[in-house]
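Construct the complete structure from the given sequences, taking the supplied hints into account.
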Amino acid sequence: MSKFESSIKQINYPVEAVYRNISDLTNLERVRDRVPEDKLKDFQFDSDSVQVSVDPVGVIKLRIIEREENKCVKFEAEQSPLPFNLWIQVLPVTAETSKMKVTVKADIPFMLKGMVAGPLQDGVEKIADALSQIPFV
Numbered sequence: 530m531s532k533f534e535s536s537i538k539q540i541n542y543p544v545e546a547v548y549r550n551i552s553d554l555t556n557l558e559r560v561r562d563r564v565p566e567d568k569l570k571d572f573q574f575d576s577d578s579v580q581v582s583v584d585p586v587g588v589i590k591l592r593i594i595e596r597e598e599n600k601c602v603k604f605e606a607e608q609s610p611l612p613f614n615l616w617i618q619v620l621p622v623t624a625e626t627s628k629m630k631v632t633v634k635a636d637i638p639f640m641l642k643g644m645v646a647g648p649l650q651d652g653v654e655k656i657a658d659a660l661s662q663i664p665f666v
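So for the sequence shown, my numbering puts the first residue at 530; every next one is plus one.
Hints in this document: simulated from the structure, not taken from any laboratory.
No incorrect hints appear here.
Across the chosen pairs, the derived CB separations fall in these ranges:
#1 R596 <-> M644: 30 to 36 Å
#2 I594 <-> E545: 19 to 25 Å
#3 E598 <-> G647: 32 to 38 Å
#4 V586 <-> D658: 16 to 22 Å
Cβ atoms here follow ideal geometry from the backbone N, Cα and C, with glycine treated the same way.
Given below as structure tokens:
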């Protein structure tokens with residue numbers, strides 16, 4: 530398993546608000562208009578799963594497999610060219626601010642590692658950047 534971690538992102542919302550929003554994927558409706566249609570197609574979600582079509586990768590579907598209140602939400606790929614898990618960790622900094630990190634563990638065959646490691650790391654960082662910009666109200 531290869532591990533990819535984002536940098537730690539500072540968020541100007543309390544950890545409870547951040548966790549409440551990332552643990553229920555129906556909250557993605559509020560940011561649907563920010564999803565670039567040229568990069569991500571067929572963006573669908575419900576409270577426990579999210580599905581998107583990404584060129585040239587294809588369809589990726591993630592399902593929440595564990596929630597640890599005000600700390601972590603863990604996802605597992607249900608549909609993906611490569612098996613992987615993703616988790617979003619949140620921690621309080623103050624009563625009104627928190628920090629977040631996104632981690633992916635992927636089962637990448639040795640022959641593909643050189644080709645996909647860079648894009649995967651970049652993708653993890655972009656996910657963390659996008660999450661840190663959400664208004665967690």
